[in-house]
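Visitor: The residues making up each chain are set out below.
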Amino acid sequence: MALEDDVLPIKRPVSLEDEDAVIDAKDYDRYVVARAGDHLMVQFQCDLCHFRNIQRRSPEPGSVRDRLLLRCIRRANLDACWARESTTVANNTRNVEKLLEKGARIGVGSGLVMVPAGPCPLRDDNLMAVAVTMMQRSLDAGKNDVYVQYDTVRQL
Amino acid sequence: MEGQAVSVMMRGTTKLMTSMCPANGEWFERFMLGFHNRVGDVSCLDLAVSIKVMLALMERFDRLWILADGDSKTQEEVLFPVLFVVAAYAGGLQGEEVPLMDLFPTFKHFAEGVNHPKHPHVVILALRGRFEKRNRRVGAPETSGDENSLGFGRTHLVSANVVVVRAEEHHSRTSVSRRTGQSVPRRVS
Numbered sequence: 001m002a003l004e005d006d007v008l009p010i011k012r013p014v015s016l017e018d019e020d021a022v023i024d025a026k027d028y029d030r031y032v033v034a035r036a037g038d039h040l041m042v043q044f045q046c047d048l049c050h051f052r053n054i055q056r057r058s059p060e061p062g063s064v065r066d067r068l069l070l071r072c073i074r075r076a077n078l079d080a081c082w083a084r085e086s087t088t089v090a091n092n093t094r095n096v097e098k099l100l101e102k103g104a105r106i107g108v109g110s111g112l113v114m115v116p117a118g119p120c121p122l123r124d125d126n127l128m129a130v131a132v133t134m135m136q137r138s139l140d141a142g143k144n145d146v147y148v149q150y151d152t153v154r155q156l
Numbered sequence: 001m002e003g004q005a006v007s008v009m010m011r012g013t014t015k016l017m018t019s020m021c022p023a024n025g026e027w028f029e030r031f032m033l034g035f036h037n038r039v040g041d042v043s044c045l046d047l048a049v050s051i052k053v054m055l056a057l058m059e060r061f062d063r064l065w066i067l068a069d070g071d072s073k074t075q076e077e078v079l080f081p082v083l084f085v086v087a088a089y090a091g092g093l094q095g096e097e098v099p100l101m102d103l104f105p106t107f108k109h110f111a112e113g114v115n116h117p118k119h120p121h122v123v124i125l126a127l128r129g130r131f132e133k134r135n136r137r138v139g140a141p142e143t144s145g146d147e148n149s150l151g152f153g154r155t156h157l158v159s160a161n162v163v164v165v166r167a168e169e170h171h172s173r174t175s176v177s178r179r180t181g182q183s184v185p186r187r188v189s
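Chains A and B supply the protein sequences, listed in that same order.
Mapping to my numbering: the first sequence position 122 is 122, numbers consecutive.
Mapping to my numbering: the second sequence position 12 is 12, numbers consecutive.
There could be a bad hint or two in this list.
Pairs of lysine-lysine, DSSO-like flavour, derived with a Cα cap of 30 Å [stated by the list, open to error]:
{"no.": "1", "chain 1": "A", "residue 1": "Lys143", "chain 2": "B", "residue 2": "Lys118"}
{"no.": "2", "chain 1": "B", "residue 1": "Lys73", "chain 2": "B", "residue 2": "Lys108"}
{"no.": "3", "chain 1": "A", "residue 1": "Lys11", "chain 2": "A", "residue 2": "Lys143"}
{"no.": "4", "chain 1": "B", "residue 1": "Lys118", "chain 2": "B", "residue 2": "Lys108"}
{"no.": "5", "chain 1": "A", "residue 1": "Lys98", "chain 2": "A", "residue 2": "Lys26"}
{"no.": "6", "chain 1": "B", "residue 1": "Lys118", "chain 2": "A", "residue 2": "Lys11"}
Derived DEER-like restraints, expressed as beta-carbon distance ranges [said to hold, decoys possible]:
{"no.": "7", "chain 1": "B", "residue 1": "Leu33", "chain 2": "A", "residue 2": "Ala25", "range": "50 to 58 Å"}
{"no.": "8", "chain 1": "B", "residue 1": "Met58", "chain 2": "A", "residue 2": "Gln155", "range": "34 to 42 Å"}
{"no.": "9", "chain 1": "A", "residue 1": "Leu99", "chain 2": "B", "residue 2": "Ile51", "range": "23 to 31 Å"}
{"no.": "10", "chain 1": "B", "residue 1": "Leu64", "chain 2": "A", "residue 2": "Arg52", "range": "51 to 59 Å"}
{"no.": "11", "chain 1": "B", "residue 1": "Leu64", "chain 2": "A", "residue 2": "Asp29", "range": "15 to 23 Å"}
{"no.": "12", "chain 1": "B", "residue 1": "Val82", "chain 2": "A", "residue 2": "Ala25", "range": "31 to 39 Å"}
{"no.": "13", "chain 1": "B", "residue 1": "Val82", "chain 2": "A", "residue 2": "Asp29", "range": "33 to 41 Å"}
{"no.": "14", "chain 1": "B", "residue 1": "Val49", "chain 2": "A", "residue 2": "Arg12", "range": "23 to 31 Å"}
{"no.": "15", "chain 1": "B", "residue 1": "Thr14", "chain 2": "A", "residue 2": "Leu139", "range": "35 to 43 Å"}
{"no.": "16", "chain 1": "B", "residue 1": "Leu57", "chain 2": "A", "residue 2": "Asp145", "range": "32 to 40 Å"}
{"no.": "17", "chain 1": "A", "residue 1": "Gln136", "chain 2": "B", "residue 2": "Leu79", "range": "21 to 29 Å"}
{"no.": "18", "chain 1": "B", "residue 1": "Arg60", "chain 2": "A", "residue 2": "Asp145", "range": "19 to 27 Å"}
{"no.": "19", "chain 1": "A", "residue 1": "Thr87", "chain 2": "B", "residue 2": "Glu59", "range": "51 to 59 Å"}
{"no.": "20", "chain 1": "A", "residue 1": "Leu139", "chain 2": "B", "residue 2": "Met58", "range": "35 to 43 Å"}
Read the hints as simulated data drawn from the structure, not as lab findings.
Where a beta carbon is used, it is the ideal one built from N, C-alpha and C, also for glycine.
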């Protein structure tokens, strides 16, 4: 899951000397790709499932509106994943791996330790529709910055 | 209605309510947190520029000036922000007041400010127009305070060594006394 040509703004920690220089090379991947183990930290559904939950249909090929909605859904999914730092996700993943490893040692299968998360109902239970609407609001022009700020967007 | 199912009061200070609203759900909470992390916050603090910040700025401008290396176009690009920053800082001006500076009256009254009998070495910055909450409206009754306290027609003491004079008003309503060297109000018909 990656979103490289994203129009939505991403703020990364930059050097004070050069505002174009990101301090850590790893930061280029921030909010652009998901990490191994993100699905263990946050409830995850793919873009297509979210689209169908909202629109009750599949996206039409060639439809600009549908493509934009899919991009916003992916952006919201990545935002939900990046609510936790990479180290936290990595630690949690390691713990889950240990859990499965210890369970396997005594013959307890992963299906018994980890409860299946799906199948999910055909409903927008996570309020993805509101999340993608907020994405569009966040692209409005701001007063102190290029785009409106978080506190303005969250008033929706 | 959402949020009106069951509520628990703890000693009358904390109220816990159950809610079925998806906006209070786990995923949406994570999304809001991640979204906030991604867009960040740009805070524009209403703080005065400290002398340390000013010195750091001047150092940067010095570096840029050296890098310009005699290139007149680059020098011009460096000089304008330098002039803007120095004038704003020395004059205690707000950002939008800096372009109101009138260089000709400033130059004209430079000696007058330096040789002022009461406050010598005062720099007079002439500004065009009226700026908010600092000057009275033209023709309004005079009030006590900073105005006229330095002997100028309509002045405002901005900082310890800078007097801002409204250029148009100063020309039209004051004149310099030959006897005392002070600016005195001039009769306007």
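Visitor: Quick one: which hint numbers does this structure break? Sort them smallest to largest.
Guide: Those not satisfied are hints 1, 6, 7, 9, 11, 16, 17 and 19.
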